[in-house]
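Chains as they are written, first to last, in this note's numbering: chain X, 1 to 502; chain D, 1 to 346; chain H, 1 to 322.
Any given hint could be a false lead.
[What the hints assert, rightly or not] Pairs of lysine-lysine residues, derived as DSSO-like cross-links and limited to a Cα-Cα distance of at most 30 Å, are as follows: (1) X:393 x X:439; (2) D:132 x X:372; (3) X:439 x X:346; (4) X:166 x X:230; (5) X:346 x X:393; (6) X:346 x D:132.
In short, the hints are calculated from the structure, not lab data.
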Amino acid sequence: MSSHVVLEARGLTRRFTGVLALSGVDFRLRAGEVHALMGQNGAGKSTLIKVLTGVYPADAGELTLGGETIHPSSPAAAQRLGISTVYQEVNLCTNLSVAENIFAGRYPRKPAAGLWRIDWSRMAVDARALLARLNLDIDVTRLLSSYPVAVQQMVAIARALSVEAKVLILDEPTSSLDEQEVERLFAVLRQLRGEGMAILFVTHFFEQMYAISDRITVLRNGELVGEYLKAELPPAALITAMVGRELSAAAGRNEQATVAAGPALLEATGFGRRGTLNPVDIGLRRGEVVGVGGLLGSGRTELARLLFGLDRSDSGELQIDGTRVRFDNPAQAIRHGLGMCPEERKFDGIVAELSVRENIALALQARLGIWKYLSPARQKEIADRFVKALGIKTPDIDTPIALLSGGNQQKVVLARWLATEPRLLILDEPTRGIDVAAKQEIMNEILSLARGGLAVLFISSEMDEVVRVSDRIVVMRDRSKVGELPGSSSEQAVYHLIAAGA
Amino acid sequence: MQRLLRHRLLWPAVTLLLLLAVNAVFNPGFWQLQWRGGHLYGSIIDILNRAAPLALVALGMTLVIATRGIDISVGATVAIAAAVAALMIGGELVVKDGVQTHVSRFPMSVAIVAALVVAAGCGLWNGLLVAKVGMQPIIATLILMVAGRGIAQLLTGGQIITVYYAPFFFLGNGFLLGLPFAVFIAAAVWGVLHLLMTRTALGLFIQTIGINPAAARLAGLHERLITICVYTFCGLAAGIAGLVISSNVKSADGNNAGMLMELDAILAVTLGGTLLTGGRFSLAGSVLGALIIQTLTSTIYSIGVPPEINMVVKAAVVFVVMLMQSAEFRAAVRGWVVRPAAGATR
Amino acid sequence: MTSAMKLDSRYVPLLGTIVVFALTAGYGSVAYTGFFSAQVFLNLLIDNAFLCIVGVGMTFVILSGGIDLSVGSVIALTTMVSAALVEHHHWSAAQAIPLVLLIGTGFGAFMGWLIQRFRLQPFIVTLAGMFLARGLCYLISIDSISITDATYTAISQARIPLWGSGASITVSALLALGMVAVGIWLAHTTEFGRTVYAIGGSEPSALLMGLPVARTTVLVYTFSGFCSALAGVVFTFYMLSGYGLHAVGLELDAIAAVVIGGTLLSGGVGYVAGTLFGVLILGIIQTLIAFDGSLSSWWTRIVIGALLFVFCLLQRAFESRR
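Just chain X, same shape as in the assembly (with noise of 0.2 Å):
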C-alpha cells in the first residue's frame, strides 16, 4: 500500500506576535489516500492549512509538491499549483450558476466577430461531465444558491477537480450536512482517493474521521505529535496524543461542600435549536458549579448562547426559578440575573477604543438604563475593586482595553459580569490565552463566587480545569449531550465517554 508522497512539508515554522502557532512541522500526503489532521484548539491545525494553501508564508521550512519546492503566495496561486481547498462556509458565489462557479476564471471561450465570449453551453457540458464524476446530477444553470450545502460542497469538490488538483484540503466539511449527505460526501471522496488523489481532511467528528481515513497526524501546541496509520490509533489514545498527558486518573473535585447547593435556578428541557443544537437537558442550582466538558465542535458554546438569549431556541423550554422564561436577546436574560463571558472576547467581548473603566461598568450600566449613569468617578471605584480582586495588569484605569494582553482582557471581561452581581454566570472558555497564574486566580475567583451562592456554567477546553472545579459535569459530543458524570470524575473519565461509541 506504499504509494508516493506528493505533498510534504519539512520544518515548518510559523510566528504570530509572541506565539509560536507551528514549530517545525513534519507533514507528508500521499496520493491515493485519506490523510486527517487532527488536534485541539489552538494545537496549529488551522495554521498549517494556511500555510499550505499559501494564506501565509511560512517562516522557515520547505514545502515540495509532487517532488518541486512550492511557495504559494496567495490562495489563488496554490489553487494553479494543483492544492484546492474545500471550506466549511463553502468559499464560492452562491449569486452564480453552478457551471460558472465551477468554471470562474477560466471560462471555456469562442470568438464571435473577433472578439471573445464565453461559451456558456460548453460551460454547462463541461460542467455536468465534472459532477457526473462526483455521481450529481443536477441543472448547473441553475444559482448555486438554490442547492443545499452539501451539494455547493460537491460543487466546490467538482471546481477543484476542473483545475486538476493533485490536493484536495477539506477544512471541516461536514458541519453543515445531515448523517446522508455526510455519506454522500464520503462515497465521492472514497471514488477520489481510488482514483489517486491525495486527500487532507480536516474534522473534529471522532466517528468521521475513523471512517473515511487512512492516517493520521496529531498536532499538539503547534508541535507534530506523530504521524499513524488508523490501526495504530484507537480513540483513546487519540486522545492522550491530542491533549498531550497521562491524563490524570486521579479524582476530581470532591467537596461535597455543596452538597447544600441550593434550589433550582436554571431547568432547561429538550431544550436546542435545528441545526446548531441538539434538544438537551440541563439544570444548574444556586452555588453549583457545572462544567461542560466535549471537544471543540461539541456544540458547548451554542448551549451557552440559546440559554444567554443570543440565539433563539426552537425547541424545548427554559425556566428559571420554576418559571418558563423565554429570552429573545441577552438584556431579558441580564434581567434575570444571567451573565456569560462569550468563547471569543475580541469578537464579541472587549470594546476595543473604550478604557478599562468604561469596559468593566459596561454591563452593569446596560442594566441600570440610561439615567441611573454611573459617574465616572463610580466607575472607577467599582473598576478598580475588580482590578484589585483580578489582579488585572493594565497602566491605567483609563486605558484603551486593546492594548492590554489578552489575559488580562479576558480578566476585565470577567470583572465585566462580576460588576453586575449575577445569580447564573456562563463562562466559555474564560482562561484561554492566560498565563498559569492567572488562570489559578481565575478559578479560585469562581470557587469562591459559587461557595457565596453564584451559580457558574463552566465551558473550557482544558479538561483538568473542568474535572478540578466543577461539582457535576455535563458532557458533550457533536452537539448533543451524551451523559453527565459527578464532579469526582477524572479526566480519563470523561473522556471515555466522549470517545465511546466513536
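We have chain X; now place chains D and H onto it with these hints.
Chains D and H alone, transformed into the frame defined by chain X:
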C-alpha cells in the same frame, strides 16, 4: 504639553485658527467687532451666525455616524420643516385697531412644534428602516432624500413661501445679549447633548454600538432602540436648523433649502475627528468642523477667489481626511517614507 | 424535474420590474387618450437617453456592491467642458467629444483606484468626486454657456424616422439603446462582467477563486465614468448648453432606475435590461404626471421615492429569506 498635542481636537482647532489667520491677512477688518444697532457686528459674528444651522445638523449627524450609520436625508428634512413652519405661520396682513399687522395662521408656537414633530418623524422613519427593517443606512436615508425633496416641494407648491410674521424672524435674525439668537439655539442644543452624553449613559451606549455592535448586544444594550432614537434626533436637529434658516431668509424654499447640506454635515463631522466607521465621537469636534467650513467659505470670498472654488476645496479636504483615516493609506505612506531594512520582507 | 414550473430566483426581481412597467403603461393607456402611441413610448427613451446611459454604468457599479454618487456632476462637467471648448476655443465636435469622454473615463478611473487601493468606502469617495466635478464646472464658468455650434445643433435636431409610422427617434436614443446592448454583452459574455457579479456576491470568495478583483473594481468605476461622460455628451445635445447646475440629483434617479430595475443594492444580482425598464418606468411616471396636468412635477420625486421604498423593502424580504 504631550496631552495637549495628542488631544483629539488639536487638528480641527489648528485648521480653524489657520483659516482665521489667512482670513485676517486678506481682510484687514476681519477681527473688528462693532456695536451697532444694539448688537455686535462683524465678520466673526457673521460666521457664527451662518454656521449655526450647519452646526445643528452636524450635531445630529455626529450621533448617527457614531453608530456606524449615515443620514443623507437631512437636507430634505430641513426643507420640509421650513415648509411646514412657513405654511402654518404664513402671515396675513390684517388691520387691527386701525393698525396694519401680520398675524399668523396658527399660533407660532404651534407651528414650530408641528415643524419639529414632522422633522423628528422623518428621523424616526429613517431609524425604523435601519434598525427594524435592517436596511443599509445609505439606502434607507436615500429614500427620504428623494421623496422628501418632493414632499417639501409639494408643501410649498414649488414656490418660495414668504413669511410675513415678525416674531418668527427672531429665530434667525434676532440678537440676544448682543449675539445672534441662532448661535444660542445651536449652543443650547450642543449643551443639552453634552449633558446627555456626559451625565447619562447614552454616550457610552452609542460609542459601544458603533465600536462593536455584537458586544453591545451581548452586554445587554438595547441597540435597536438606541439606533432609532439617534436617527430621530438627527431629524429633529435638521428640523431646528430648518426653522433657523427659514427664519433667517424669511421664507421657505422647497426646491433649494438644505440642498447639499448633508454633504457639508458629513464633512463637518469627519473634520471634527469622528471616524466614519463609528465609535468614539466628538460633539465639540463637529461644531468646530461646522465653523471650519463656514470660515472656509468666508476665507475664499475674502481672498477674492470665486466662491465656486468652494466645492473644489471641499472635495480636496474630503479626500485628504478620507485618506488620513484609511489604515491602508497610512501603511502605504509609512512604506514610502521608511526604507525597508535590507533583506527583510514583511 | 419541475424546473419548468419553478422560477429561478434570480429572475424574480426582473419580472417584478417588467410587471410594474406593464401595469403603469397599461394604466396610462387606459386613463389617457393619446397615451398609447408609438411616439409617446419613444419619447420615454428620447427624453431619458442620458439617464439610460448613466444607468448602464451605475448598474455595473451597484452589481459589484458599490455606489457612484458622482455621475450627475460628471455629466455637468462634460457639458461645461464641451461648451467651453466648442464655443470659446472653437474646437470641432469631432475634437471635443473624444476629449470629454477621456476626461470622464479618467475621472472614474481615479475614483476607482482610490477605492480599491486604499480600501475607502465608495460612497464617500464618489461623494467627494461629486463635489470636485461640480466645482470644476464652476471654475470654467459660473453661468451657462449656450452651444450654437452647427454639428451639435444638427445632431440635436436630427430625427430618424421609424418604419414609416410617423414616429421618429433621435441619435441619443439610439446611443442609449446601443449602450444597453453593450452593457448586456459585457455583463454576460466577458470575464469582466462575470467578475463584477462574483465580487458583488462575495468578494472574499471571488479572491479565493482567483478572479482579478482589484483590476475589475477599478474598471467598474472607470466604466461608470465613461458612461457618465457619454451621457454628458448626449445631455449636451439635449440641452445645447454647458452649465454647472445641469443634472443635479441625477445620481439618485440613476440609482432609483437601477433598483427599480431589479438590481439588488447589496450587489451580485440584477440585469442591465432591468435598468432599461427602470428608466422607462421613471419616464412613464413623469409622462403620466404631465398627462394628468393636475399633479405638479414634484409628485414625480415622491412617487419615485415611494417606488424605491417598496422595491428596497421587497429586496430586504428577499434577502432575509435566502
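Against the structure, the hints:
1. X:393 x X:439: holds (14 Å)
2. D:132 x X:372: holds (26 Å)
3. X:439 x X:346: At roughly 19 Å apart (the allowed maximum being 30 Å), residue 346 (chain X) and residue 439 (chain X) satisfy the hint.
4. X:166 x X:230: Holds, because 23 Å separates the two Cα atoms, which is no more than 30 Å.
5. X:346 x X:393: holds (18 Å)
6. X:346 x D:132: Holds: residue 346 (chain X) and residue 132 (chain D) sit about 26 Å apart, inside 30 Å.
This entry satisfies every hint, going by the numbered hints stated previously.
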